[in-house]
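**Student:** Listed below are the residues making up each chain.
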Amino acid sequence: MAKKNDESRRNFLKKLPFSIGSTVALAGLVFHEINSHNKPRVKSISKKEANELVKTMNSNIDGKLSPKPAPNKNA
Amino acid sequence: MADMQENNKTKQSRRNFLKKAPVLALGTIAMAGCNSEYFQQNFKILSKEEKDKIVKNLEKKYSEKYGKKFSVSDKPAMDNTLFAYALDISRCVGCRRCVYACVEENNQSRDPQIHWIQVLQMNKEKGIDFHDADVHYNPDQVPVEGHFYLPTQCQQCENPPCIKVCPAKATWKEPDGIVVVDYNWCIGCRYCMAACPYGARHFNWGEPSIPNEEVNPVTHYLGNRPRPKGVVEKCTFCVQRTREGKYPACVEICPVGARKFGNLLDPNSEIRYIMENKRVLVLKEELNTQPKFYYFFGV
Chain A
1 MAKKNDESRR NFLKKLPFSI GSTVALAGLV FHEINSHNKP RVKSISKKEA
51 NELVKTMNSN IDGKLSPKPA PNKNA
Chain B
1001 MADMQENNKT KQSRRNFLKK APVLALGTIA MAGCNSEYFQ QNFKILSKEE
1051 KDKIVKNLEK KYSEKYGKKF SVSDKPAMDN TLFAYALDIS RCVGCRRCVY
1101 ACVEENNQSR DPQIHWIQVL QMNKEKGIDF HDADVHYNPD QVPVEGHFYL
1151 PTQCQQCENP PCIKVCPAKA TWKEPDGIVV VDYNWCIGCR YCMAACPYGA
1201 RHFNWGEPSI PNEEVNPVTH YLGNRPRPKG VVEKCTFCVQ RTREGKYPAC
1251 VEICPVGARK FGNLLDPNSE IRYIMENKRV LVLKEELNTQ PKFYYFFGV
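Those protein sequences? They're chains A and B, same order as listed. Quick note on this note's numbering: the first sequence kicks off at 1 and runs consecutively. Quick note on this note's numbering: the second sequence kicks off at 1001 and runs consecutively.
The following block holds chain A by itself, in its conformation from the complex (with noise of 0.2 Å):
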């Protein structure tokens, strides 16, 4: 009975940082999306789907513009 009771006490040991541990990331991710609540998901996109964008984008803006000078060479 002591045997036993000895080896259940050294299984409950072993697995006992494990058990920590998962309580303690558990915590920080609910601790994470408490904070974080108030700030927006972003919906990204990827940069294939940018280019595909950029090659049909029509830009809304009519006439040109001179454009200021560029920088020098060395900068």
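None of these hints come from the bench; they were simulated from the model. Keep in mind that the hints are not guaranteed to be accurate.
List of simulated lysine-lysine pairs, DSS-like, C-alpha gap at most 27 Å [to be verified]:
(1) K1124(B) with K47(A)
(2) K1284(B) with K55(A)
(3) K1284(B) with K47(A)
(4) K1051(B) with K1126(B)
(5) K1246(B) with K1069(B)
(6) K1278(B) with K48(A)
(7) K1124(B) with K64(A)
(8) K1169(B) with K1075(B)
(9) K1126(B) with K55(A)
(10) K43(A) with K1173(B)
(11) K1124(B) with K68(A)
(12) K1065(B) with K1229(B)
(13) K1278(B) with K73(A)
(14) K73(A) with K1051(B)
Cβ-to-Cβ under 7 Å is the rule here; a few derived chain A residues that face chain B [to be verified]:
(15) K15
(16) P17
(17) N51
(18) M57
Quick caveat, the model's predicted, so the values are computed rather than measured. All C-beta atoms in this analysis are idealised placements derived from N, C-alpha and C, irrespective of residue type, glycine included.
Chain A is fixed; fit chain B onto it per the hints.
**Tutor:** Using the frame of chain A, we list chain B on its own:
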């Protein structure tokens, strides 16, 4: 005999001390007369009184140098503020007005030239390709057929690699999300420039030159105050303006309204509307730098 030796030793040591005394005295006088900037601590750990004293000294120094009354603010970040920027690629025509508004507002050196904003001209067929981008384009009129424009500047990353590599902790992220540099604390090692994947940091190789009549006297300690030679500088989302509730200079000047700016934590802000209703592109997303500079397509 032993007594005489002891006496000699004492005399010798006194003579040595007296020899060194004038040097020590001169050193002490020089130290006292030295500018207090050399003994300044990192801006982050300064007390309110120390900051006030430094700011006053800087105001005096700049006013004497440029012949104008300078104000140097040390206003901290506002509560519940996280600044972000959005740029409509389909609207930008590449006129570079933002570049020069930024130069004037932020007291960037004219010679050697420093530009915090760079406008890249890219080929529509090739898409977003930094190797093929042209920063020195110079046509009579823009936009040029078959091309589009991608302005780049500091992306104010949430996870900025530049601050991790600074050995002096002279650069950090403020609570409102702006990455700043303490120019008095920067040692000019340029590690941050190497770490930045966007090429957004610039080094003052020479003494920056700003014409007296063009210098902007309304400054912030962590922003647009004139920088010394040998330090790194970058876009600060015009911290001297945005912390006073104004738009950055580049947003105000843009003739086509391609630039949007606001507080991400304000549900009624324009930037928040864009984030919630548009799909946005961030540069080099795979690096997990989490930029707060979003590109989008309005049309």
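**Student:** Taking 27 Å as the top limit, are the C-alpha atoms of K1278(B) and K73(A) close enough?
**Tutor:** 36 Å, violated
**Student:** Would the pair K1284(B) and K55(A) pass a check requiring their Cα atoms to be no farther apart than 27 Å?
**Tutor:** Answer holds: K1284(B) to K55(A) is near 20 Å, not above 27 Å.
**Student:** Is the hinted pair K1065(B) and K1229(B) satisfied, with a Cα-Cα distance of at most 27 Å?
**Tutor:** 15 Å, holds
**Student:** Would you check the hint for K1278(B) and K48(A), treating anything up to 27 Å between C-alpha atoms as holding?
**Tutor:** 17 Å, holds
**Student:** Are the Cα positions of K1246(B) and K1069(B) separated by 27 Å at most?
**Tutor:** Measuring from Cα to Cα gives roughly 21 Å; hence the hint holds.
**Student:** Take the C-alpha atoms of K1284(B) and K47(A), compute the straight-line distance between them, and say whether it is at most 27 Å.
**Tutor:** Within the cut-off at roughly 9 Å; holds.
**Student:** Checking one constraint from the list: CA of K43(A) to CA of K1173(B), max 27 Å. Satisfied?
**Tutor:** Within the cut-off at roughly 24 Å; holds.
**Student:** Given M57(A) as an interface hint, is its Cβ closer than 7 Å to any Cβ of chain B?
**Tutor:** 4 Å, holds
**Student:** Minimum Cβ distance from K15(A) to chain B below 7 Å?
**Tutor:** Violated - the Cβ of K15(A) stays beyond 7 Å from chain B, reaching only about 33 Å at its closest.
**Student:** Is the Cα-Cα distance between K1124(B) and K64(A) 27 Å or less?
**Tutor:** 18 Å, holds
**Student:** If you take the shortest Cβ to Cβ gap from P17(A) to chain B, is it below 7 Å?
**Tutor:** Result: violated, 28 Å to nearest chain B Cβ.
**Student:** Holds or violated: K73(A) and K1051(B), Cα atoms, limit 27 Å.
**Tutor:** 39 Å, violated
Hint violations for this structure: numbers 4, 13, 14, 15, 16, all remaining hints satisfied.
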